[in-house]
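Chain residues, written in single-letter form:
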Amino acid sequence: MWRLGILLLATACGRFGFDDLPHSNPDAGTAPDATDAGPPLLACGSPTRFTIGTDQQGFASIARDNGFAAFTSDTPGALWGWSFELDGGALVETADDVQLGSGVSAQLGGAAVGEQMVLAGGLTAGGTKLFSLDASLDVIGTPNMLSNDTAATVPVASSTGLLAFASTQGGAPAIDVVGTDGMVVDGDTTVGSAGDMPSYVAAVATTSGFALGYADGTTGTAKLATFDEHLDSLVADTSIDAGTYMELPWFAYSAAQNEFLVVWHQKNATNDDDVWGMIVDQTLTTVVAPFEISPYSTNAVAGADATGFWVAYDTYDPTMMSPNKMAASRVTPSGQVTARPVTSSGGTPMSWMLVERDGQVVLTWTETGGSGPNLYFDPMCS
Amino acid sequence: MIRVASLALIIGACGDNIRPIPADAPALPDLAVVPGQMTGTEAITTASFDGSSCEVVEGCVDAVGERRLLSFATVTENRGTADLDLGPVPPPGVSSGIFVWSPCHMHHHVIGYASFDLLDGSGDVVIAGHKQAFCLEDDEQIVPGRRSQFTCTLQGITVGWADVYAPDLACEWIDVTDVPSGTYTVRVSIDPNEMFPDADRTNNVWVDTVVL
Numbered sequence: 004m005w006r007l008g009i010l011l012l013a014t015a016c017g018r019f020g021f022d023d024l025p026h027s028n029p030d031a032g033t034a035p036d037a038t039d040a041g042p043p044l045l046a047c048g049s050p051t052r053f054t055i056g057t058d059q060q061g062f063a064s065i066a067r068d069n070g071f072a073a074f075t076s077d078t079p080g081a082l083w084g085w086s087f088e089l090d091g092g093a094l095v096e097t098a099d100d101v102q103l104g105s106g107v108s109a110q111l112g113g114a115a116v117g118e119q120m121v122l123a124g125g126l127t128a129g130g131t132k133l134f135s136l137d138a139s140l141d142v143i144g145t146p147n148m149l150s151n152d153t154a155a156t157v158p159v160a161s162s163t164g165l166l167a168f169a170s171t172q173g174g175a176p177a178i179d180v181v182g183t184d185g186m187v188v189d190g191d192t193t194v195g196s197a198g199d200m201p202s203y204v205a206a207v208a209t210t211s212g213f214a215l216g217y218a219d220g221t222t223g224t225a226k227l228a229t230f231d232e233h234l235d236s237l238v239a240d241t242s243i244d245a246g247t248y249m250e251l252p253w254f255a256y257s258a259a260q261n262e263f264l265v266v267w268h269q270k271n272a273t274n275d276d277d278v279w280g281m282i283v284d285q286t287l288t289t290v291v292a293p294f295e296i297s298p299y300s301t302n303a304v305a306g307a308d309a310t311g312f313w314v315a316y317d318t319y320d321p322t323m324m325s326p327n328k329m330a331a332s333r334v335t336p337s338g339q340v341t342a343r344p345v346t347s348s349g350g351t352p353m354s355w356m357l358v359e360r361d362g363q364v365v366l367t368w369t370e371t372g373g374s375g376p377n378l379y380f381d382p383m384c385s
Numbered sequence: 007m008i009r010v011a012s013l014a015l016i017i018g019a020c021g022d023n024i025r026p027i028p029a030d031a032p033a034l035p036d037l038a039v040v041p042g043q044m045t046g047t048e049a050i051t052t053a054s055f056d057g058s059s060c061e062v063v064e065g066c067v068d069a070v071g072e073r074r075l076l077s078f079a080t081v082t083e084n085r086g087t088a089d090l091d092l093g094p095v096p097p098p099g100v101s102s103g104i105f106v107w108s109p110c111h112m113h114h115h116v117i118g119y120a121s122f123d124l125l126d127g128s129g130d131v132v133i134a135g136h137k138q139a140f141c142l143e144d145d146e147q148i149v150p151g152r153r154s155q156f157t158c159t160l161q162g163i164t165v166g167w168a169d170v171y172a173p174d175l176a177c178e179w180i181d182v183t184d185v186p187s188g189t190y191t192v193r194v195s196i197d198p199n200e201m202f203p204d205a206d207r208t209n210n211v212w213v214d215t216v217v218l
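So the protein sequences, as listed, match chains A and B.
Just add 3 to wherever you are in the first sequence, counting from 1, and you've got my numbering.
Just add 6 to wherever you are in the second sequence, counting from 1, and you've got my numbering.
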């Protein structure tokens with residue numbers, strides 16, 4: 004069955020959180036299935052590349068039933084979009100450099116239900132605007148202005164086709180349920196407080212509803228709370244404590260395992276940064292204790308497919324002789340890590356996120372200083 | 007176990023006491039300590055060091071052997087209107103300007119970014135100016151709006167972001183092995199030598215009372 008609820012999210016630095024739903028096609032990355040009712044998955048191997056704007060204060064990518072979209076906000080605050088459709092197994096650009104708005108900050112994130120997308124854009128003047136978009140990037144209706152919601156948000160889709168929108172309200176992490184028109188259905192549920200100095204707030208869809216994750220600046224821990232689809236609490240705000248300062252934590256949910264992978268980077272004894280992860284179950288109890296994913300790496304994002312997790316991050320040469328590179332790893336439910344090389348043209352990564360489309364995790368990232376097109380769609384295949 | 011006074015004294019602007027920036031002011035970074043993420047992080051630990059340890063080589067402890075350490079977090083945000091962009095680091099093995107090559111860590115440090123002092127009840131300096139080296143980067147987003155840009159390979163702090171050094175990191179301490187018991191003030195001064203552009207230097211210092 005072709006899945007309708009596609010999702011995902013983004014944050015200020017272009018990293019994005021990602022959630023997973025039951026998979027109709029767990030054989031991610033194989034050749035297109037002629038019997039499948041919907042467009043095929045992206046074929047494993049070389050990434051598909053396109054050219055988008057190079058001024059990227061914010062970056063977001065959304066997976067839809069029939070393709071993908073990419074969005075940027077530039078230094079003056081203009082919001083731009085590109086849309087891509089699967090055509091016979093190939094990804095084809097169908098909308099190019101469409102200006103959708105202005106006054107937008109780096110805080111971008113979006114999700115889709117079917118082909119209809121909701122894009123959240125933080126505003127430089129404060130508040131957040133939710134744009135409802137079709138696959139051609141036409142804005143449907145009037146964008147919903149949420150004056151009391153501060154960006155640093157991550158919207159996601161739910162198994163019921165609703166979207167969860169995360170933000171901070173009065174400094175506290177908050178979550179709303181919104182429709183595909185961007186209007187709030189159920190909301191203003193907050194956890195923690197402004198006193199926690201929360202950052203990197205992210206919504207995650209689960210099989211039970213949603214989770215809200217964030218970084219607690221006062222303790223250096225990641226925190227998660229889970230809710231049902233009506234935002235009734237399932238597990239209260241809980242510290243995911245790795246015993247160290249967890250920088251820029253990110254959250255992925257595996258529906259197959261009913262577990263969360265939390266990734267972050269932390270400084271080591273030489274003040275270098277290493278990416279780590281830990282796995283907790285649906286009660287937010289530790290299943291796999293903290294484990295190292297990649298040394299000399301930062302700004303990790305995570306996603307999940309039917310058999311485990313994927314993590315993507317910026318990795319650097321500690322001697323600083325060569326430029327930073329985009330890198331990725333496969334993480335099994337038991338915490339085993341296998342590096343997965345990422346093809347580039349020799350430039351350095353600008354923005355990256357993992358989006359999930361019909362059970363396949365796709366690394367969407369942009370490069371600067373390389374040759375050729377700067378946007379990559381790279382399916383994560385085992 | 008260390009006892010920490012319940013009230014931290016913050017020199018300069020607290021979060022709700024930010025001085026307005028004139029409209030015609032040039033765009034500048036504004037480095038500022040983040041008291042909410044520093045106060046209360048103090049702890050006393052002990053650790054042993056031999057002569058080859060980086061902590062000894064880099065002067066983070068006063069002698070080899072077991073040392074008593076007052077550790078704490080250092081969190082600096084850029085609440086200004088321009089990024090603090092330190093530019094590319096020199097080649098490996100080369101020290102230049104603010105970047106000092108650490109043969110022990112095998113990478114560059116921004117030397118003198120912060121100094122750690124311990125003062126007695128009279129305000130006299132008991133331990134002066136341990137200059138802590140930093141790798142300045144965007145570790146935490148304090149104010150949403152800008153993407154992160156800086157890591158150890160391209161150092162700086164973006165507007166709205168903070169560099170975070172947690173108390174469990176090496177050299178995030180003052181060596182208090184030889185300090186008598188008593189009540190003291192720990193002081194962290196950001197950019198004490200005024201090497202970097204900074205719109206407001208009154209918010210660069212954090213102090214807190216500690217009992218050793």
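Note that these hints are calculated values from the structure, not bench results.
It is possible that part of the hints are untrue.
Derived list of chain A stretches under chain B, where covered just means 3 residues or more per stretch with a C-beta under 8 angstroms from a C-beta of chain B [as the list claims (entries may be wrong)]: (1) 54-67; (2) 84-93; (3) 134-141; (4) 218-229; (5) 251-261.
Virtual Cβ for every residue (Gly too), placed ideally from N, Cα, C.
Against the structure, the hints come out as follows:
Given as covered by chain B, the region 54-67 of chain A passes the check, having 4 residues with a CB less than 8 angstroms from a CB of that chain where 3 are the minimum. Counting residues of the region 84-93 of chain A whose beta-carbon sits less than 8 angstroms from any beta-carbon of chain B gives 0, not enough to reach three: the coverage restraint is violated. Three residues within the 8 angstroms Cβ limit are the bar, and the region 134-141 of chain A against chain B gives 0, so the coverage statement is violated. Proximity of the region 218-229 of chain A to chain B, defined as three or more residues with a beta carbon under 8 angstroms from a beta carbon of that chain, is established by the 4 residues found.
Only residues whose C-beta sits within less than 8 angstroms of a C-beta in chain B count toward coverage, and the region 251-261 of chain A has 1 of them, not enough to reach three; the restraint is violated.
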